[in-house]
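From first to last, the protein sequence lines stand for chains A and B. Everything in the first sequence is counted per our numbering, starting at 10 for the first residue and increasing by one. Everything in the second sequence is counted per our numbering, starting at 15 for the first residue and increasing by one.
No lab work stands behind these hints, which were simulated from the structure alone. The structure presented is a predicted model; accordingly, all values stated were derived computationally and were not measured. Please note that a few of the clues may not be correct.
[Unchecked claim] Label-pair ranges, simulated between beta-carbon atoms:
| hint | chain 1 | residue 1 | chain 2 | residue 2 | range |
| --- | --- | --- | --- | --- | --- |
| 1 | B | Asp175 | A | Lys11 | 41 to 47 Å |
| 2 | A | Ser127 | B | Val35 | 53 to 59 Å |
| 3 | B | Ser32 | A | Ser77 | 43 to 49 Å |
| 4 | B | Asp103 | A | Arg250 | 42 to 48 Å |
| 5 | A | Asp161 | B | Pro119 | 25 to 31 Å |
| 6 | A | Val293 | B | Gln43 | 26 to 32 Å |
| 7 | B | Arg153 | A | Ser84 | 35 to 41 Å |
| 8 | B | Val35 | A | Asp19 | 29 to 35 Å |
[Unchecked claim] These stretches of chain B come out as covered by chain A in the derived footprint (C-beta under 8 Å, 3 or more residues):
| hint | region |
| --- | --- |
| 9 | 97 to 103 |
| 10 | 152 to 164 |
Glycine included, every Cβ here is placed at the ideal spot set by N, Cα and C.
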Amino acid sequence: MKRHLLSSADLSRADALQVLDTAEELRTLANRPIKKLPTLRGRTVVNLFFEDSTRTRISFEAAAKRLSADVINFSAKGSSVSKGESLKDTALTLEAMGADAVVIRHGSSGAPHRLATSGWVRSSVVNAGDGTHEHPTQALLDAFTLRRHLGDLDGRRVTIVGDVLHSRVARSNAWLLSTLGADVTLVAPPTLLPVGVENWPVQSSYDLDSALDKCDAVMMLRVQRERMNAAFFPSAREYSRRYGLDGRRFARLPEHAIVMHPGPMNRGMEIAADVADSARSVIVEQVTNGVAVRMAVLYLLLSGQPGESERDVAPTTRESELSGLAGAAR
Amino acid sequence: MGPSAPRSESHQRQLSASPVVVLDAADIQRALTRIAHEILERNRGSDDVVLLGIPTRGVALARRVAAIMGGVEGTDVPFGSIDITMYRDDLRMRPARTLEPTEVPARGIDDAIVVLVDDVLFSGRTVRAALDALGDIGRPRAVQLATLVDRGHRELPIRADFVGKNLPTSLVERVEVNLLEYDERDAVFIASAATAGASPASPASPAEGAIR
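The following block holds chain B by itself, in its conformation from the complex (with noise of 0.2 Å):
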């Protein structure tokens, strides 16, 4: 949540070809606990709160946090996931994607406080497409996002309630989230283009000038 970073430092980030680290286990670990602290504030407990992963990663994050509060309140927080892909804008223009389940607590999502996770904000399309999946399967007396990371560059007017970390970066780097659930550790890095291999040759804008 502090300030950007210094410009040099992402042009740094530019010029080295190997993947850089920019949080490791305990820092995931150390931000999952903040998040989880933020939501307990924000909403005074975890009275009425569900989180809802976005597939893939936003699931496992769900669970952390849930698991978090859960220690903290002495109480079971509920959780699930949401998948988003038949609400997705971009649907027309790639290959079918295989769809991910979408669990919701037995208690429902109506009157709930849903708080979204998910692992990289970005353009906020996905975060889009997830409040549409949402009201079609209730309605909730308030959503809230959490995300581990939010690299800026976005496209709609979506904001998160909760960050991890605020990441600078340009257009063509990568940034990615390998959690112990699915990969072989816990850390987030940016990987820059070279090393990312044939990036789309998206017309690279005033990338820097735009990082809010």
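The following block holds chain A by itself, in its conformation from the complex (with noise of 0.2 Å):
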């Protein structure tokens, strides 16, 4: 695996595969009594957030303490990037401090791979979500949850539904469960499909009546109104009605589809309560896997950083050790 996870466009299926295989035996620990490893003891990961947020957050932090890994939590709120501090001197800090991984989440599209090609720091980054680009840890944790529920995702068919242009996590999903070899169906107004769309590995419709027959599991996302500064449908109630999951519509899933949903939930806007509370609602299950799955990715990535060992380097190490710092370099 690389050295950082910055965007599920740049996993292989190789390595998204790793990714859920690790995870899978890593799940088993939350059924034992001490949920505990010692696979990242003295090693230091930065949650680095400047932006909200609630599951991500204390997700990557149980998965970073389960491996025994020191954590310092960063929120800009309260901290000195309120009085202006700059993303490379925040950065300068966290290198200063030792961090071994970087886990960042911005509002802006980017920033994780800045922070990692910049040369600012050593570590690993951790894309947590940047602006409305991607967050693919989180595409990571559906494609573990899906493959659980409906096997190898394979020509499965995938619908996602809502707020598409705005969402990191519908566009982490598409390339990961494309890579995996999902059908991926966008549904969204046309309004709120990203321009270029045609270009993704994915189909996309705005009828989500007609997208809902044949699929083995759908994902509603978040209407994210911090982002909308213009008006993108005429109301709640219109939207609510045209793409929310209600009911009627849950009835028409086959039998074995499964919902999904990213979080935070709009109850009664994007998904009805009583689907969001349904037996074939994952939306819990989710959050459980998140931990697993993002313990696998920070195992994977701390674990056998080459240049460590001045004992045994074999030759490839060595190769891949300057590949890292050209990158660095960049």
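Using the hints, put the two chains back together into the complex; each one sits in its own frame.
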């Protein structure tokens, strides 16, 4: 696996399957009396959150702690960022404190990429959501959840519904699920489909009802009002009527189909409360799986980093070390 | 369990380029049967005995030993696997490894006599990791160690309770265990450094002298 996890478009099928298989073993840890592994003892993981988050931050925190890493939480509110500190200076501070991995959420698309390639920090960078770009660990946990319920994703149909334009979750899922062989259909009002969606490896549609009949899973997205600076649809009620998953539409789904939502939900808006709480909704399970998937990501990124051992450095290790440095210098 | 092989034998092995088979299928079967009987004898039967294999080949060996013990005792002997990847002490120095399943029998391991089963006992670091992993799963009454081959060169104060074959080796040699569950045949063989390909240039210590 690469040294950073910035985008699910970077993940090869083999990389993605390695994360999912690793997470599968790590998930059994949740059933044990002692939910802790010594794997990352003495390593430091910094949660660098410039944007609000509940589940992603505590999920990464739980994942790092279960691997025995030391966790430093940093949120923009109450830090020097509110005094005007730049991303670069914040990064240099973290580097000086010896962070091994930086988990970053930022309102600007590309901030994690900047952090990883600028040479400011030597640590691994994990994108925990950047602007409207990507949220790769969410896609990985969605793929993990889908795989637990549907088996191999090859040829499975996944429908992603809602505010695709502002959704980094939709973007990451579109890439990752296609890499894993699933057929992805995006459903949204024309105003909420991004420009250039025809170049994505997915189908797109404006009509939810026609997309429901044959799908194996339907993933509802939150309408991101905080990112909406224009009128994208006439009214919340109209949106809910045309693109919300209500009881009537839920009844039309195939027997085995599951309902997903990355959270936080707007009950009654994109998803009806009784659908969200139904037996075929896996929304709570997604959160549980998130910890296992993030443990897998941290384990794979942080163990065996090339160049750390002066003993038994094989030629291949040296090469990847050099390419790592070259990458950092770019 | 016999005395160490004469030094000249292992010298010859080094000189020959092709792998030398040291245990064939029948030898492995006999060794596992003896181990099974020794476990039963030591623990006065199979009550509370749980066999846990260390992936990958230890798991198959644990299953086989459990079957032999079950045949002798007329009961089912619980067996499982314990993955030690996350407990290794060299994680920071090597690329990430894929995890193997940990499957503990339903009875758990609290108050059980756990017999760890591995194919080759070498530095002892794997067993150290397995002991740590066990501690996170439960609290066994006792832990014992069974291994098909003991090749010496311990780096930790660990010894096996049940050994299929003591195999004096030099550090540049490689011991390989093939089992039908994973490979084409049942066999244990020794490959010298030449056939093992580019081996790490570890200062091959005063190897022979180090063999206990």
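Consistency of the hints with the structure:
| no. | hint | in the structure |
| --- | --- | --- |
| 1 | B:Asp175 with A:Lys11: 41 to 47 Å | 44 Å, holds |
| 2 | A:Ser127 with B:Val35: 53 to 59 Å | 56 Å, holds |
| 3 | B:Ser32 with A:Ser77: 43 to 49 Å | 45 Å, holds |
| 4 | B:Asp103 with A:Arg250: 42 to 48 Å | 60 Å, violated |
| 5 | A:Asp161 with B:Pro119: 25 to 31 Å | 29 Å, holds |
| 6 | A:Val293 with B:Gln43: 26 to 32 Å | 50 Å, violated |
| 7 | B:Arg153 with A:Ser84: 35 to 41 Å | 40 Å, holds |
| 8 | B:Val35 with A:Asp19: 29 to 35 Å | 46 Å, violated |
| 9 | 97 to 103 | holds (count 3) |
| 10 | 152 to 164 | violated (count 1) |
Hints 4, 6, 8, 10 from the list above are not met by this structure, while the remaining hints are.
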